[in-house]
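**Student:** These protein sequence lines map, in sequence, to chains A and B.
Under the working numbering, the first residue of the first sequence is numbered 10, with each subsequent residue one higher.
Under the working numbering, the first residue of the second sequence is numbered 14, with each subsequent residue one higher.
Taking lysine-lysine and the BS3-like style, the derived pairs with C-alpha atoms no more than 25 Å apart in a straight line are:
no., chain 1, residue 1, chain 2, residue 2
1, A, Lys145, A, Lys189
2, A, Lys373, B, Lys355
3, A, Lys437, A, Lys458
4, B, Lys334, A, Lys418
5, A, Lys471, B, Lys355
No lab work stands behind these hints, which were simulated from the structure alone.
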Amino acid sequence: MVTYIKSCVLSGSGSDIISVECDLFFGLPGISIVGLPDASVRESKERLRAAILNSGLDYPVNKRIIINLSPASTKKEGTHLDLAMALSIMTCTEGLVSTETEEMAVIGELSLDGTVGRVSGILPLCIGLRQQGIKKAIVPVDNVKDISVIEGMEFYPVTTLMEAFRFLRGECAIDAVVGKRPELLYDNEDFVDDYSEVKGRNEAKRVLEIAVSGFHHLLFSGPPGCGKSMMAKRIYTILPQMTYEEMLEVTKLYSLYGYEQDKGGLIYRRPFRAPSSNTSIAAMVGGGSGVPRPGEITLSHLGVLFMDEMPEFRRDVLESLRQPLEDEKITISRAGAKITYPAKFMLIGAKNPCPCGYHGSDQKLCQCTPVQLRSYRDRLSGPILDRFDLFLDIAAHNNGPAFEATDEKDITSAEMRARIEAARLVQKERYKEEEFCYNSQLKGASLKKYCSLGKEAAEIFKAGCDSLRVSRRGGDKLLRVARTIADLDGFESIEAGHIAEALQYRRRDEENVDY
Amino acid sequence: MKKMWTIDEYEVWFSESAGNKIRELLPLYYKVGAKGVFDSGVIRRNKKNLELYRKSVEIFNKEELSAVTYDDDAYPELLKEIFDPPYILYYKGSLPSNDDCCCAVVGARKATSYGKDMAFRTGYALGSGGAVVVSGMAVGADSCAHTGCLEAGGRTAAVLGTGVDASAKVTSRKLFDRILEGGGCVMSEFAPGIPGLSHNYPRRNRIISGMCRAVVVTEAAKRSGTSITAGLALEQGRDVYAIPGNINSVMSEGTNLLIKDGAIPLLSCESICEELGLAASKMEKTGSDIGGLGPAETEIYNAVRKSGSISIGELCSETGKTHTEVNCILTILEIKGIVSRKMGKLMLR
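Model the full structure from these sequences, guided by the hints.
**Tutor:** Right, dumping it as structure tokens:
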């Protein structure tokens, strides 16, 4: 008699349901596991035999056991399949009455004495089950805390193989743990930093607000010490709250990366990643042997990727950003597997005007040669610069006490966040019928539909594009940014002032090139 | 005086090697010719170099360059007076005649936006006044001076530190063509094919100041190449004008020092025309467009004008407006071509 038990394996960004099939034959005694198991799965045959015998059950010692992991064409990894394989052998020999195995997945690692041990990385497995419509799972009791945040799932915690077996046969009942959305989702008190610590720089703060509201990519440029990094590092304090689904998604990706929350449970905050400039291409886009692991761009999915000193990054690393910036996902092809990870992130770049940082400054002499200047400027290629919607050149602070004493109140993170949340809400409402949700994703037809201009705004748009040499693509960016500015200011339509302000954040480097 | 003159490698060698001994060597040269000087062994010679100069002659003929020697009438009169004039000047385009009023505009390559702006305006004023602006076609101030002169419809001459042909390969191809189209010239004492070696530039600078009546220094750091040029100009007895700058600015230290040492300060870019006795004419842009500004725009315009170069933050506290309002007005001013924004700072165009 062939038996089937459901389980799942990791595959790229999610998990695949697999069916563990078992059958017994007369022949040379032994187990063969087929369906592309890797070493960790293949060596579980020793554990299976010991665990079943030590649980006081019959092990078919005189039979040939075939276990097939279906679909047989994908590679299977992980010791969490032990329990499913053991149960499939046992139901083969002992017979099973319950039919529940159809909607029930089994996850767990076995030890030789038949106890069910903790599995690492169980969260992405269970999130994957939920996404694929399986609502019940038998899981190790030690793992329950980690996964109880998954809403709509019923978990049956087990401590031993025997317990799981009896439960499947309906001989004993286990109290289901029902997954619940955690109550405390966002904790404002936690922030150590605040934007009020950045003195002045209200324009830069405004640009950050615009960027975060519309999910626009942003490039800062300015001399050392003008506060680029300081501002970018505080961006996590103004990121809007994640929805529950987004939290699950982010947590899943981090688990794949091997990051486990200390307390167990979900990641509440939007990711903020700041890779250093010597990051390799594999660390950036993902890679590694076996199943490629997610890289920085996937880890910043739904959050912010901050690249400080952007021109110092290796050229191939920079160019590898082109696909994810365009498609919001990254495909990694390796000999073993081809995997697509999500990578919808907001890119914030920061750069100096030249290698020494003081080009064009009257405070300090620039030490760079013209050749250095040119090569530094060329390090960010045109296609990469084209992906940015917002550009801001920041001037150095004027030194001296006379400039520090201003009455201007410094904007705080809380004020900024409030405006951003409001602007996001407007977008959510406007794009509820669409596939996208941010102004930065407007293009082609949707751009025309949502960014229509009144007479006055159209006039200034045309005048600006003509006399300030804004390209066609630049014009599209302008409209997207103006849309976000209008949303921030609470306007239904895009007014002339919004276009005028957006024009200040255009790409200017062509004008800045020396004669 | 030689009328018919065909260039050969010995002539090139003579011009390149004579250096500051030129005045001693000329009598010998007139007697025995360039080959004779070479054979006499008065100056150090090198067979290898001769090979190089043979190539220079080939390039000279192929590129259809022109040359003028110390003995020609077309050779700049003022340049003949200096201590060590080059024997041959290679050039493309048409040389300024001896009736033209030549004025050098020099400044730092790493000019600040202020320096670039000043170079442009000075070039513009001189160009509109009918003077020939002489500079070095380097990035920064030099290029701005040339461009300013061309914008005003004037003629301009670029003196290079490389062979005249080499400039065709470097960065400023566009400017090179524009200078020639504008009726100016690009010249060099270095034979075609000679690369831009660092010790060529100070030598080049003596020609810039040597062929001009006056030298305007827009911006210079202390102990910079520009300061050297100013020093050469003084040695040659030329008038040196310097544009004063912010005392906090490193790039104005050199010019302010020049003024302290006796250079004539230029209190406006146009005043150089007055000094040289030319008809002064202001840049049009600043004159005509200002009329059509609204009250808010005028306020911002005046604030920018007052400080010369100002950041957005300062502009906000100056005018009491929010950065959003200021940004909107700036866009209008940018569209009207009155204000420009560079490296986060605003200045008048």
